[in-house]
Amino acid sequence: MKNNLTQVTLSNGLKLLLKEIHTAPIISAWLWYRVGSRDEVAGRTGISHWVEHMQFKGTQQFPANLLDRSISRDGGTWNAFTYIDWTAYFETMPADKIDLALRLEADRMLNSRFDPEEVASERTVIISEREGNENEPLFLLGEALQQTAFRVHPYHHEVIGDMADLRAMTRDDLYNHYHTYYVPNNAVMAMAGDFDTQAMLTRIRELFETVPAGSEPARLARPEPPQNGEVRLSVEGPGTTSYVQVCYRFPPASHPDFFPLSVLDSLLAGPSNLNMFSGGISNKTSRLYRALVDKEYVVSVHGGAQATIDPFVYTITMTIHPSRQPEEALAALDREIKRVKDEKVTKDEITRAIKQARAIFAYGSENITNQAFWLGYAEMFAKYNWFETYLDKLSAVTAREIQRVANEYFKRQSRVVGTYVPLEGRHDGK
Amino acid sequence: MTVNKLNSLPGPDDIYRAVLPNGIVVLTRSNFNSPSVVVSGFFDAGALFDPDEKLGLAEYTVAALMRGTQKRTFDEIYNALESVGASLGFNTGIHKSGFNGRSLAEDLPLLFDLLAEALTAPAFPKAELERLRAQLLTGLAIRAEDTGDMASLVFDQILFKGHPYSRPEDGYPETIRNIRRNDLVKFHREHYGPRGMVIAVVGAVKPEDALRQVKRALGGWHVRAQKEAPELPPLKMLKKSVSRHHRIRGKSQSDLVIGTNGPMRRDPEFMPASIGNNILGQFGMMGRIGDVVREKSGLAYYAYSSMTAGLGPGSWEVSAGVSPQNVKKASGLIVDELKRFVQEGVTADELADTKANFIGRLPLSLESNGGIANALLNIERHNLGLDYYRRYADLVNEVTAEDVLNTARKFIDPGKLVVAVAGP
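Chains B and Z are the protein sequences, given in the same order. Number 221 in the working numbering belongs to position 221 of the first sequence; there are no gaps in the numbering. Just remember that the working numbering sits 1000 ahead of the position in the second sequence, which is counted from 1.
No lab work stands behind these hints, which were simulated from the structure alone. Here the structure is a predicted model, which is why all the values come from computation and not from measurement. A portion of the hints provided could be inaccurate.
Straight-line alpha carbon distances no greater than 20 Å define the calculated EDC-like cross-link-like pairs of lysine to aspartate or glutamate that follow [to be verified]:
1) B:Lys344 <-> Z:Asp1113
2) Z:Lys1328 <-> Z:Asp1291
3) B:Lys284 <-> Z:Asp1291
Covered stretches of chain Z (in silico footprint by chain B; criterion: 3 or more residues with CB under 8 Å from a CB of chain B, positions within the stretch not fixed) [unchecked claim]:
4) 1246–1260
5) 1356–1364
Examples of chain B residues lying across from chain Z (beta carbon under 10 Å, computed) [said to hold, decoys possible]:
6) Arg73
7) Asp99
8) Val125
9) Gly229
10) Leu233
11) Val235
12) Gly237
13) Glu296
14) Gln325
15) Pro326
16) Leu330
17) Ala331
From the three backbone atoms N, C-alpha and C, an ideal C-beta is built for every residue, glycine too.
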């Protein structure tokens, strides 16, 4: 896996990772910026995501419609994602057409227009995006959990932002945010696919090295203080189905405990899939499925581990069985959590988790976009080496470590339990 | 070193096709770039066979296949699969049911064993069926609250009134409650069999190995009285526009679906319609529809057009999620675009853009094992020929603006549209 990878940092601080893969005539280019909702203060929540939208609204050289048209015409696919820790833009193109993507990314690192009329029309588009999210019970519940789990740390709010801020932010707020964070020394460019590294390197230098470095963006330093006592909350809304979400404190991806916790996640709830472009596997023989779904407390259960810069949360989501109460499901969950704290897991369970991770890695490597994604993604919270050594680190996990992290992280006094209470009353299944 | 473009597309020289004596068609293509394999396929046991009062039976049956077989319990089946990081799942459409599985190449024999057991020897254990029923009913309760799902469902009910396509494959709560174990046993006995089954195997396996494994797993399967699918009744065309608002309380956004009939996959109009549809509501940021509803008016996060073109009559629809107070305004803009589409057709520039887009994006859609497997199944289902993806560029390039306009006019009458809305 280490073959064909070149890492270079340009004079303006832009870090490059280039990996040649000659399996299909395709190249995927990703530009990652170290900015996300973690960089937002009250009054400007959602600004990183809105800036991402504005990056599709054009520069002098590439007006909005031309941009879109050129990429699509060449049979490319492009998109962008804003997360709590980062914002990423990608283009996957036929190999002989990638130059367009590079020119575009170099240009919009500096020259996006943020035309006031476009800002106004995008405001209602994003409000509509948020309204669509609000249609979903699990969005409403997840948002309530997150703002409860993080009182101080900016992980407090959802990436989409609060409606009040979406209505109030100005064009200048957006433009300042853009200029503060969209500088080469705050970015990573990752490419994988059918190219020659030396030629590509030369071209990237031509296009990107002229973009001046900016000041190192200041970061909010507001670590979340310890939580001393379980918090329970409820959200009421339309529907007939109840949901319960439980979130526990989770270490950052760069922490050594992330690996035993990943194995624990795998055997409790089925492996979380960190690939962005290939699905995971079912979890019907995970401990929680057996204890909760087979025993008919819930109709589905899922766990979600995420790789983040600062400590985040691990969330277990349960869709409650129509003939059960949320409290019964929670009690059954607690019995399973107690079991991983009291008893060591077996060697077989660990072996199984590692094999699952190996298979999911193989599925992810079928696709060049996904491989390019990993090059930059890993850089956002660690180094690419994190990804390359991931399976080895999982393989080194012991049953004793798993028991230790279960006791350390799955603590009742630092968790938040949220229930979605459907207003149409309980669905009785008859 | 660069990769030759045309040779990366599947074609007669690297797709292997075989027909087993019991009728199963096997298609394989090797890809040793990653140590994984995909197995996908379909068979003739779709929701078309469901009685009205037991709608959802085909879906209930596929969902139950892995809940226990003559050899293994539910837990044993999934333990075998999940222990090696493999997956296998079944699904249902109107005409066909299907399956998708994948594993590391070393575990392919296991995947075939489980596939064969599930298809040929399901046990339908009673307790598991009741668990499944609660899950299906919860799924329907969630569907009832989903504005997008409900707008689509209402759209199909109106457009395909009196036709089996008006029925949702997942049924209704009352029809799911009507289904008994014996219904599943009977459905399986009458409709499951090798005739009409197609299996694609793509990934890190040689074609002869793949074929041998399919033979070993399913070559001995014979079913004497596999029933023929019922004939589709003729479609009743709309005489005027029909609107319906399905009320879902407490939601912050409404979904709307506006549209009409579309071509079948095998119709000569399919390609011109696809190209027209791309211009109408897909190209770039959701085509003309996206430009008017999202970019210019800021009314919606998503607004796009789509076609469903399968073995029977299709649909051609525009979907959008908008604030409840903007439903009327957005609908007006969409209908205006449909009028413009059938009056003026598409420009030479738009046509050139879409043709380049269709041809250029092909390697990307065929990149993963799953993408290739879908392509192989598509070839077989619609009899497109093994060289289809090599001929694809020519098929796209021969479409003229006039073809697009004629096709648009044939299917879309702005005075006869279905307008389905779900929301507050």
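Each hint, compared with the structure:
no.	hint	result
1	B:Lys344 <-> Z:Asp1113	violated, 33 Å
2	Z:Lys1328 <-> Z:Asp1291	holds, 18 Å
3	B:Lys284 <-> Z:Asp1291	violated, 44 Å
4	1246–1260	holds (count 6)
5	1356–1364	holds (count 9)
6	Arg73	holds, 5 Å
7	Asp99	violated, 14 Å
8	Val125	holds, 5 Å
9	Gly229	violated, 32 Å
10	Leu233	violated, 19 Å
11	Val235	violated, 12 Å
12	Gly237	holds, 6 Å
13	Glu296	holds, 6 Å
14	Gln325	violated, 15 Å
15	Pro326	violated, 14 Å
16	Leu330	violated, 18 Å
17	Ala331	violated, 19 Å
In this structure, the earlier hints numbered 1, 3, 7, 9, 10, 11, 14, 15, 16 and 17 are contradicted, and the remaining ones agree with it.
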